[in-house]
Amino acid sequence: MKIAQITPVYPPYAGGIGSIAYEYTERLRARGFDVHVTTPAYRAGGKVNDPEYVHRMAPVVEWGNAAFIPRLRKVLSDYDVIHLHYPFFGGAEVVAFDQIVSGKTPFVVTYHMDVVASGLKAAFFAAHRRAIMPAIMKRADRILVSSLDYATHSDIKLLLDDTRVIELPFGVDLDRFHPGHAPNVRARHGIPNTEPVIIFVGGLDRAHYFKGISVLLDALELLNDYSWHALIVGDGDMRESYEAMTRVTPVAKRIHFVGKMSWDHLPEYYRAGTIHVLPSIDRSEAFGMVNLEASASGLPSVVSALPGVRTTVVHGQTGLHVEPRNAKNLADALRELLTNPTIAERMGEQARRRAEEEYVWDGIMDRLVGVYNDVVK
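Residue numbers (the working numbering): 7 to 383.
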């Protein structure tokens with residue numbers, strides 16, 4: 007079976023959509039499927055050494071992570087299944103047009119998230135949601151969502167009675183991410199082995215404004231009287247402003263911005279941590295792959311109680327839920343785990359067990375292959 011993964015972003019760009027497209031591609035190819043990736047060749051992306059099955063197409067127009075690639079249509083007929091990772095503004099329209107004109111190739115959509123914005127972007131997204139998104143979803147043979155909890159509160163909630171909508175959570179590599187210690191990471195940043203470490207992993211660019219870094223920094227300042235260090239793992243065009251915010255606080259020396267982390271070294275940063283945090287502020291955060299990575303690493307997570315995100319952490323068992331945008335609530339939750347290390351450790355152990363029971367990639371890929379087999383019949 008020849009399968010196309012059509013995605014707006016792909017590694018080395020850091021982000022959930024690209025990470026999932028990568029996992030699907032590599033795991034399907036390991037099973038013998040002929041999988042190819044088509045993604046934009048953004049001007050700012052630079053040269054990337056991709057394998058021969060990753061095709062980066064230069065867009066006619068690009069805007070952030072949106073890219074209009076009309077020549078994408080020329081290759082779609084080469085596949086047995088087209089799998090679109092949505093939202094992909096500029097690419098999704100080309101796929102939908104091809105489906106309207108030809109409609110011969112089975113078509114699967116993973117609906118990753120709603121897009122939330124303000125100003126002109128909000129007007130554009132609203133128009134797209136009303137006029138174009140329904141046409142895309144109408145043509146899909148299957149629509150995959152990471153959780154029905156998120157879908158129920160999302161822009162596709164009206165489709166939930168449709169039998170084409172299938173819940174398929176994402177998985178985590180339990181061999182790559184596992185409990186342990188990383189004294190070398192702590193030493194690298196001058197953190198004593200006896201100090202608890204709060205870790206955040208995520209993009210620090212404008213496209214990931216919703217990660218809630220400002221809320222986290224405010225919460226950490228409220229914890230000035232407690233013992234801790236924080237690792238902020240990630241990079242982007244907002245990093246400088248976040249660092250500037252930190253420099254004027256009394257906790258500046260305890261917050262370490264470590265930059266973009268390589269695929270090989272990311273797991274050891276989780277192992278250097280004590281508590282993981284994801285303080286996202288709106289429904290642009292739909293799941294939180296980092297929550298699974300932290301769970302597999304044996305860490306409890308403090309996460310915003312957003313639809314979808316809250317499904318990855320069981321409140322009071324594998325971590326804690328907090329109110330989005332509420333720095334005091336976030337600080338209180340972090341304080342609870344910082345001052346009760348036995349509870350935090352127990353939650354981390356339960357998080358690892360839950361990852362082993364519910365988020366194993368092999369079982370998830372079995373279900374995805376089942377979807378492909380159904381649509382090609």
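Don't read these hints as lab results, they were simulated from the structure.
Worth double-checking, as some hints may not be accurate.
Pairwise CB distance ranges, derived in the manner of DEER restraints [what the hints assert, rightly or not]:
| id | residue 1 | residue 2 | range |
| --- | --- | --- | --- |
| 1 | 36 | 341 | 32 to 38 angstroms |
| 2 | 127 | 107 | 27 to 33 angstroms |
| 3 | 198 | 166 | 45 to 51 angstroms |
| 4 | 38 | 346 | 19 to 25 angstroms |
| 5 | 140 | 269 | 33 to 39 angstroms |
| 6 | 348 | 122 | 34 to 40 angstroms |
| 7 | 241 | 198 | 39 to 45 angstroms |
| 8 | 107 | 190 | 55 to 61 angstroms |
| 9 | 54 | 181 | 21 to 27 angstroms |
| 10 | 323 | 198 | 19 to 25 angstroms |
| 11 | 345 | 379 | 48 to 54 angstroms |
The beta carbon of each residue, even a glycine, is placed where N, CA and C say it ideally should be.
Hint numbers not upheld by this structure, sorted from lowest to highest: The structure conflicts with hints 1, 4, 7, 10, although it agrees with all the remaining ones.
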